[in-house]
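A.B. asks: These are the residues of each chain, in order.
Protein chains: 4
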Amino acid sequence: MGMVGGGEGAFIGAVHRHAALLDGGIELVCGTFSADPDKSRRSGSALGLPQERVYGSYAEMMRVESAMDPSVRMQFVAIVTPNHLHYPVADCALEHGFHVLCDKPATLNLAEAIHLKERVAATRLQFGLTHTYLGYPLVQEARSRIAAGSLGAIRKVLVQYSQGWLAKPLEQTDNKQAKWRLDPAQAGLSSCMGDIGVHAFNLAEYISGLQVTQICADLTSFVDGRNLDDDGSVLLRFDNGAKGVLTASQVSVGEENGLAIQIYGDKAGLKWSQQEPNTLWFLPEGEPVQMLRTGGDYLSSTAGALTRTPMGHPEGYIEAFANLYKDFAAQVAAPSSGTPSICPGIEAGCRGMAFIELTVTSSQSDIKWHDLV
Amino acid sequence: MGMVGGGEGAFIGAVHRHAALLDGGIELVCGTFSADPDKSRRSGSALGLPQERVYGSYAEMMRVESAMDPSVRMQFVAIVTPNHLHYPVADCALEHGFHVLCDKPATLNLAEAIHLKERVAATRLQFGLTHTYLGYPLVQEARSRIAAGSLGAIRKVLVQYSQGWLAKPLEQTDNKQAKWRLDPAQAGLSSCMGDIGVHAFNLAEYISGLQVTQICADLTSFVDGRNLDDDGSVLLRFDNGAKGVLTASQVSVGEENGLAIQIYGDKAGLKWSQQEPNTLWFLPEGEPVQMLRTGGDYLSSTAGALTRTPMGHPEGYIEAFANLYKDFAAQVAAPSSGTPSICPGIEAGCRGMAFIELTVTSSQSDIKWHDLV
Amino acid sequence: MGMVGGGEGAFIGAVHRHAALLDGGIELVCGTFSADPDKSRRSGSALGLPQERVYGSYAEMMRVESAMDPSVRMQFVAIVTPNHLHYPVADCALEHGFHVLCDKPATLNLAEAIHLKERVAATRLQFGLTHTYLGYPLVQEARSRIAAGSLGAIRKVLVQYSQGWLAKPLEQTDNKQAKWRLDPAQAGLSSCMGDIGVHAFNLAEYISGLQVTQICADLTSFVDGRNLDDDGSVLLRFDNGAKGVLTASQVSVGEENGLAIQIYGDKAGLKWSQQEPNTLWFLPEGEPVQMLRTGGDYLSSTAGALTRTPMGHPEGYIEAFANLYKDFAAQVAAPSSGTPSICPGIEAGCRGMAFIELTVTSSQSDIKWHDLV
Amino acid sequence: MGMVGGGEGAFIGAVHRHAALLDGGIELVCGTFSADPDKSRRSGSALGLPQERVYGSYAEMMRVESAMDPSVRMQFVAIVTPNHLHYPVADCALEHGFHVLCDKPATLNLAEAIHLKERVAATRLQFGLTHTYLGYPLVQEARSRIAAGSLGAIRKVLVQYSQGWLAKPLEQTDNKQAKWRLDPAQAGLSSCMGDIGVHAFNLAEYISGLQVTQICADLTSFVDGRNLDDDGSVLLRFDNGAKGVLTASQVSVGEENGLAIQIYGDKAGLKWSQQEPNTLWFLPEGEPVQMLRTGGDYLSSTAGALTRTPMGHPEGYIEAFANLYKDFAAQVAAPSSGTPSICPGIEAGCRGMAFIELTVTSSQSDIKWHDLV
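For the protein sequence lines, the chains are F, P, L and W, in the order given. Counting from 1 along the first sequence, just add 13 to a position and that's the residue number in this note's numbering. Counting from 1 along the second sequence, just add 13 to a position and that's the residue number in this note's numbering. Counting from 1 along the third sequence, just add 13 to a position and that's the residue number in this note's numbering. Counting from 1 along the fourth sequence, just add 13 to a position and that's the residue number in this note's numbering.
Bear in mind the hints are in silico, worked out from the structure with no lab data behind them. Treat the hints with care, since some could be wrong.
Copies of the same chain look alike in the list, so a pair counts if it fits in one copy or across any two.
To be verified - With a Cα cut of at most 25 Å, we get these calculated DMTMM-like pairs of lysine to aspartate or glutamate: (1) Lys280 to Asp237; (2) Lys181 to Asp252; (3) Lys192 to Asp237; (4) Lys192 to Asp279; (5) Lys381 to Asp310; (6) Lys52 to Asp237; (7) Lys280 to Glu300; (8) Lys284 to Asp310; (9) Lys381 to Asp187; (10) Lys284 to Glu108; (11) Lys189 to Asp49; (12) Lys381 to Glu300; (13) Lys189 to Asp36; (14) Lys280 to Asp187; (15) Lys381 to Asp252; (16) Lys284 to Glu298.
All values reported here derive from a predicted model rather than from experimental measurement.
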């Protein structure tokens, strides 16, 4: 694979590389690690890439790589830049015939996402979106159980994503991560909803198998000087009549990466929390709550296939990420295999962008409900 | 004390009695345990009361007891009936010169609560409202810390109250608890918000020291045939600019009595859960999360005074309830002592009723924000 | 009931009183609260007892009370003194025809316990021992499940009781609780094993339904100047071939009242911890771990009968204690009812004393295994 | 690197490979994956190795690889075979000039370990032992804190390692993992102590910085037909006077990989559990317990350097393993860098083997204490 973004000081780029490497079979062969050619070269060199495969621009990379022999050139490109570059890089990659694995959110705005969807459809190339949390075995188990009817008709979905790292104006320091996330030009319309709310939204729809049809949002920018929200809560209505709440925050002091979901149907409930990802609580009516564990023999085959070690050997964030990589690589290798994939695509990307934009619209509006279409 | 309600098959009446007895010093001397005189007598007899102190109606009880010698008659009355009787019984008790300790919500509707407030003011008698959860030592600790500024300016309040016992139409069986809670004539405008949402609301305002100024609610009646909500979520705005979410449910299968609160300020956060009431999580910025425990030497004197045993000897729901009883009895004994009381009064009762009614109004409205005044 | 001990500055006496009061039906009518008559009277007065029922010595109390009319005099005596008075007070009470409910350990040494056992047998009076933890509903559930064969043949029993309050030489301050527990004349041969190890031993035998047959102990006195152990660990062998470990400590800094037990059979395991007493973990082979909760419909009738509130309303230490009181009072009221009792008697007291003494013997010996008979 | 063992059906071999790959920089270049040459080749082929680098015997591999150009040949060998092959393979590797990274326990018996120690000393090559759990950041934090005196003088060490997977005679099925672990010829003198007890022992000495001087063990073989222990408990005495207990089990039904440690000093205590490896509980005297978390800014630099992602992104077993690999590779690259290493060496291997053998001796003996030298 090739990579765009992820140079010095980046966070998610390194995670992508760990994830790609973990299972063997995926090799980083080239990259454009920064818009600054010198920085890109330094980063590539630190990663052990030959100088000629480290590029000064993604356009150059696409052009040069696409001219190489298929046995040598990269097979897909991983995009790990700030949001505003997702679309142009993905578009360029698809144009040159490369599959794309892109960090979330899909694009800078919904319009771009819709264009990208069309482009993907036209090229028949693979487009994957790294909504990391879908890579956890027990997230798949949760989805499987609901799909199989174990919870009955879903009534309520509560999803929370609490972080505290932006409780102070970190973007006014030289923290690169904070800077771009709070810059509308790089991040888009939203910081909190765009960065983490969209993960929570994706998780809620993915696990429940439902679609959100209406929302009512209240976003806030708590830290002085910010142009984008750093906190928000959203009432949700789903297509089957279920109700829910999504709340996300970057200013919840003391919270780390607190993504957690609770779903209740008329037969059973379930709860999962990203910080203890190897436990899924299953609450059948009138019976003791069950603690389902990663690696348990009683799990679905989908969940089982995503586990590398026996029960009790904790698997974490990188393993979940690696599951998406493995899945995406398998799709690239055999696109028409018919195997259901766990890695979301551009449709999920469009829904996410629509959700982000609508939370901003809703938050500024006096009308209670806005339709998510 | 005397009691109205709490006869055979009742839940909260028995809890009130345990709470009253636990610390000694309060004695049940009379009661009207049911609207059915026979049932009232059977209940009183089972409780070891002499026949002449068990009454067939609360009006009779107030009349007869008030005519007794002060050294013999009840000193206050505990009201543990369904909601619709709170007001008439309290009103009658106050009229006859008795202090009142009443289960929540204060009354059947806001109008009654306002009348009651006037009556309490006029009589200068004590009126206490058993918002049980305020009796937990660590709830007091949470409030103290926020009042002392440990959390800084509060930004976000998340409160959840999830139960699952009404996930099926239990009110169509002979379950007395379910029946009255889902009967508008006895419960009022709301089941879920009136029974448990109001606890969550009270807890949020009490701990944070803030007042909710605007709400946006979405209530649902999930089980067929119900006239009242059995689930609801509410966006909250507070008087200092803080934001929040309150979500409550009686149909979250597998949940017991899941009241939990998270509050974040610009300096620290805290979390508390009723099902593990002896732990309060304190999240100071940039430092390890601290586990505060009931009985810890490091707690405030208010919290310390509410504990009966050393750290590690779990105190629970009845102890919390008993703390309200003890506090109320002390107020009755020395009403002008000036000691700050932990037992809420009729003002909290009015706010609760206003909240309940406004959630119903808001839920039926297309206007996004409704003011809570 | 009457009480011996439990005056000003005492801990367990107050707990006994809360426990006795909680459910109604038991009344404190007299007491000898201190060996110091003035202090006894002050304590009795603070408890609201009439002066003539507060005694200056237990001998006087037994004599005077036994001469009263049966309808007036105390029906049983609760002994809440330091260990060295358990035997003389109990003996005197039995001699005067009073049932006895005694704090643990039964006596100062095994010889006394054996004498007491004979006395109890001779008088046919009730003798109860407040091994508090047996009063928890889920401890009874654990025992029931093992008795019913749900765990299969028991193989391993791990029991831990960790406290930290004696990590410093608190007995050299005016802390009354610390002073007597570390004084051989008042505490007996052991501090840690005598005070808490014996609880752990009792719990292990009670839940497992097994008897310890051999032990190998290593006791330590970590704090300078102590004559008694403040920590110890014991290898256990049970009569069915099961193995185990008991470890107890009063110097485990930061621990509160950390009693926890794990038991594994060839079909299932279970775990329970006193600090979260409303959860019992049940580990069936090859299936998800189950979280059993106080108040669950799926519990045995024995466990169910010990609960006062619905699931999710935490019951704690005082409630567990109250369950023993209620049970003991029922035995006193109907000694030959045939109802199995949850309150341990003098047999458990003898086993406990034998265990304590043998841990001291074993610890001082080079022989590996000592028989517990 | 090259690998010996870890072919089809193996568990730990795959973990080693994930660990080696995760961070980039280590490449699997050759291997002998099974004693069966066909199986070895199939495994190597599945791993993408060229046929000529997959060997039919480890001896052949050492011979051929050592003859290659240094830029091409493997730089170290990872040994992931059953125990009985550790010594011959390591010996052969050292003889041919290869560094060795070996799975635990070091060898089949203590005598071999001592020989190996001499050989390592003589060759001045690197020998690493994959006691996985030392690779967790919070295990390093625990050690650092104790070394820095935060806990004061250590008094008590409790370590537990509970598994349940061998509760049934799995070795009588075709389960390869169970078969060799219960075969004395392949596993050595002990199953439970050799496989997991030794991890617990290593962890206790490593974190505490103390050495065990005396033990008293009771091992058991619970499942019929076994020649080796499947459970055991050991009283421990440390060189500074601290006491402890180690208990391990392969037959604790329902347990996964339950390694947990508690250490108490005279100033503070700490607790860590492998199944929730990203939390370390720190218990300072008289203050609230602190929850230390992987990635926290307040951790030591050692712990910090072992983390790949920000707080709240769980890292697990493979990451811990990868930390040992990374550390070992750095030692191989710069053996005399002087950087303290986290990967244990042959000294720890000798101590482990001495411990395993002494538990067996002690268990069969009537003498209480045996010296561990």
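A.B. asks: Run through the hints listed earlier and report the numbers of any the structure violates, in increasing order.
C.D. replies: 5, 6, 9, 10 and 12
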